[in-house]
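Number of protein chains: 2
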Amino acid sequence: MSCGDFSVRLPEWLRSHANGDRVFETPEERMRLVIELSRLNVEHGVGGPFGAAVFDHSSNRLAAVGVNLVLSSNCSVLHAEVVAIMMAQKRWGHYDLGAQGMPPFQLVTSTEPCAMCLGAVAWSGVRALVCGARDEDARHIGFDEGPKSPRWVEDLESRGIRVIRDVCRSEATEVLEYYAESGGVIYNGRQGRPS
Amino acid sequence: MSCGDFSVRLPEWLRSHANGDRVFETPEERMRLVIELSRLNVEHGVGGPFGAAVFDHSSNRLAAVGVNLVLSSNCSVLHAEVVAIMMAQKRWGHYDLGAQGMPPFQLVTSTEPCAMCLGAVAWSGVRALVCGARDEDARHIGFDEGPKSPRWVEDLESRGIRVIRDVCRSEATEVLEYYAESGGVIYNGRQGRPS
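Just so you know, the protein sequences line up as chains Y and X, in that order. The first sequence: position 44 = 44 (the working numbering), numbered continuously. The second sequence: position 42 = 42 (the working numbering), numbered continuously.
Derived by calculation from the structure, the hints in this document are not laboratory data. Treat the hints with caution; some may be incorrect.
[What the hints assert, rightly or not] A short list of chain X residues far from chain Y (calculated; beta carbon distances all over 10 Å): (1) Arg134; (2) Gly183; (3) Tyr187.
[Stated by the list, open to error] Derived, one-sided and incomplete: chain X residues facing chain Y with beta-carbon distance under 8 Å: (4) Asn74; (5) Cys75; (6) Lys90; (7) Gly125; (8) Pro147.
From a predicted model like this one, the values you see are computed outputs, not experimental measurements. Backbone N, C-alpha and C define an ideal beta-carbon position, used for all residues, glycine too.
Modelling step: build the complete structure from the supplied sequences, incorporating the hints.
Next comes the structure, spelled out in structure tokens:
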């Protein structure tokens, strides 16, 4: 058995977006960036129509970006939120972005998190989650959102993570629909087949 | 901003365990391997007291291993189950271990999955999940299990993933208690602090 390592690598086109510590003053500006990433991810054929980014909310600077890399990396774990969290934690050198001495971080995602990403958000240390499309918009084009707590907003808020929903929802949903119309792969685990 | 890649690397001591396609005939044998990994992970100071492995259930051969790498990799995503899934999918070259032509895979974990890992299991393509300690055993030593669906067993089973619980539960729980007694870091995101 040869596998003892795994490399997560952002595509080249995304690296240029990840550059520069750019400032995004409003939630809508931040959301439009991740929606743009979600659209570019479809256009470049990298993976699902999902983008995410972490911002330092004290300066509104971009801290890290992620897109869905499931298809291109052959890894079901690499949803946009997970990738953005991994990159932000690498940059800050800490597994807890909410640790003492850290600025307050905000995770912005083009679609509400699936069950896995919901848990990843809880462990990340971010203090706020900003969502575009609703999980029902993802389900509408065939994605399973997974075994997700029905109380997920309250669950995050009880852990000190503020949840802001429906920011540019219709623009975010347009990209989901564009992906479905262009024949994008709906890659639910085992395609929902019973055993 | 310089981060565009992230390397997940199993520790050297674990690589030797990952070698050889060893056969483990019974659920108890498979569980004892992952409990041993969880204990070794504490002894080597790598991270939390959690181990996991993926087995090809048609041959009962070990397919991939994982341990909790949160502390050593400074990444809150790298729970044992996530690491084992990433390594198995890399080895088989597919983001869906339940895809056509794959053997049936089983994920064995020393403790029931947290909210994030529960979602990761659903997306992985494994057909069965075998658990040692209960999530309440992890909570007992202070770990938050996250915003987890209370119907998580039914949620997985409805997706064709069989759940088998309480395999060598007391042996698995002993390692959790050993970790707590030895002063191991309980690394919940933001240490449960309100905002």
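These are the hints, each one checked on the structure:
no., hint, verdict
1, Arg134, "holds, 17 Å"
2, Gly183, "holds, 18 Å"
3, Tyr187, "violated, 6 Å"
4, Asn74, "holds, 5 Å"
5, Cys75, "holds, 5 Å"
6, Lys90, "holds, 5 Å"
7, Gly125, "holds, 5 Å"
8, Pro147, "holds, 3 Å"
Comparing the model with each numbered hint stated earlier shows that hint 3 is the single one that does not hold.
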